[in-house]
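Novice: The lines below spell out each chain.
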Amino acid sequence: RKEVEQDPGPFNVPEGATVAFNCTYSNSASQSFFWYRQDCRKEPKLLMSVYSSGNEDGRFTAQLNRASQYISLLIRDSKLSDSATYLCVVNRRNSGGYQKVTFGTGTKLQVIP
Amino acid sequence: EAQVTQNPRYLITVTGKKLTVTCSQNMNHEYMSWYRQDPGLGLRQIYYSMNVEVTDKGDVPEGYKVSRKEKRNFPLILESPSPNQTSLYFCASGGRDARYTEAFFGQGTRLTVV
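Chains S and P are the protein sequences, given in the same order. Number 1061 in this note's numbering belongs to position 21 of the first sequence; there are no gaps in the numbering. Number 129 in this note's numbering belongs to position 1 of the second sequence; there are no gaps in the numbering.
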């Protein structure tokens, strides 16, 4: 089983729609969680951290469910400019005490006019 | 401006010809790493470094070497490139604490080995 799993999509949604992605992780020792956005052939960019209490940044809301080991990203009022691939990232300490970063393979979102 | 700079951005080379991809960051970050990205496989970590002279293997280290002699630089070395190393490579840096992850990525190096 992969350490981090995402539905690759694509999710095709009309402008203005609300869309949600989930990401599951297998290691219960995972400590911190993030969502990145990656445009085609560009570098990933940090979108937001994910906290247990949930957090919101404008139209974006991230949630963490430690019991079920998944994180989610909700995008409200989708814009054409939201079209991208969204990467889930999970961090944990490895046996050497260093952070081990694992990226999901990404979920592709296409917002349609 | 805070940034991670990779060079070159594009490279076509022949099998067996040693090459180095440079990576430099100006944020005094302890943590740096290299990834390769391939269709359907996502980003896979090659090597990472927690600080100067401290490096460790990631998930796909075979065929690669790294060094961290200075805090700002983390070059990726392919001693004898092969066609299966054709990929898009990213360097990343970030804070030491696991919580802060790698907030900054370079713009990528597209490598083709023929």
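These are computed hints drawn from the structure, not numbers from a lab. These figures come from a predicted structure and were not determined experimentally. For every residue, glycine included, the Cβ atom is placed at its ideal position computed from N, Cα and C. Be careful, since some hints might not be right.
Said to hold, decoys possible - Computed from the model, here is a short list of chain S residues facing chain P with C-beta under 10 Å: (1) GLN1078; (2) LEU1086; (3) ARG1106; (4) THR1142.
What the hints assert, rightly or not - Computed cross-link-like contacts, DSS-like style, restricted to lysine-lysine with a CA-CA straight-line distance of at most 25 Å: (5) S:LYS1085 to P:LYS185; (6) P:LYS197 to P:LYS145; (7) P:LYS185 to P:LYS197; (8) P:LYS185 to P:LYS146; (9) S:LYS1085 to P:LYS199; (10) P:LYS145 to P:LYS193; (11) P:LYS197 to S:LYS1042; (12) S:LYS1042 to S:LYS1119; (13) S:LYS1119 to S:LYS1082.
What the hints assert, rightly or not - Beyond 12 Å from chain S on every Cβ pair, some chain P residues (computed): (14) GLU190; (15) ARG200; (16) ARG238.
Novice: For the restraint on S:ARG1106, tell me whether the closest CB of chain P is nearer than 10 Å.
Specialist: violated (15 Å)
Novice: For the pair we were handed, S:LYS1042 and S:LYS1119, check the Cα-Cα distance against 25 Å.
Specialist: violated (31 Å)
Novice: Does S:LYS1085 pair with P:LYS185 here, judged by a C-alpha cut-off of 25 Å?
Specialist: Roughly 23 Å between the alpha carbons, so the hint for S:LYS1085 and P:LYS185 holds.
Novice: Double-check S:LEU1086 for me: the hint is only fine if its C-beta lies closer than 10 Å to a C-beta in chain P.
Specialist: holds (5 Å)
Novice: Verify that the Cβ of P:ARG238 lies farther than 12 Å from every Cβ atom of chain S, and report whether the claim holds or is violated.
Specialist: Non-interface label on P:ARG238 violated, nearest chain S Cβ at 8 Å vs cutoff 12 Å.
Novice: Checking one constraint from the list: CA of S:LYS1085 to CA of P:LYS199, max 25 Å. Satisfied?
Specialist: Distance ~22 Å between S:LYS1085 and P:LYS199 Cα, so the pair holds.
Novice: Under the criterion that the straight-line Cα-Cα distance not exceed 25 Å, is the pair P:LYS185, P:LYS197 satisfied?
Specialist: holds (17 Å)
Novice: Is the claim that P:GLU190 lies outside the interface with chain S correct, judged by CB distances over 12 Å?
Specialist: At about 18 Å from chain S, P:GLU190 clears the 12 Å cut-off, so the statement holds.
Novice: Once the closest CB in chain S is found, is it more than 12 Å from P:ARG200?
Specialist: holds (18 Å)
Novice: Regarding the pair P:LYS145 and P:LYS193, is the alpha-carbon distance no greater than 25 Å?
Specialist: holds (14 Å)
Novice: What's the verdict on P:LYS185 and P:LYS146, does the C-alpha distance respect the 25 Å limit or exceed it?
Specialist: With Cα atoms ~20 Å apart, P:LYS185 and P:LYS146 stay inside 25 Å; holds.
Novice: Quick one, are S:LYS1119 and S:LYS1082 close enough, alpha carbons at most 25 Å?
Specialist: holds (19 Å)
Comparing the model with each earlier hint shows violations of hints 3, 11, 12 and 16; every other hint is respected.
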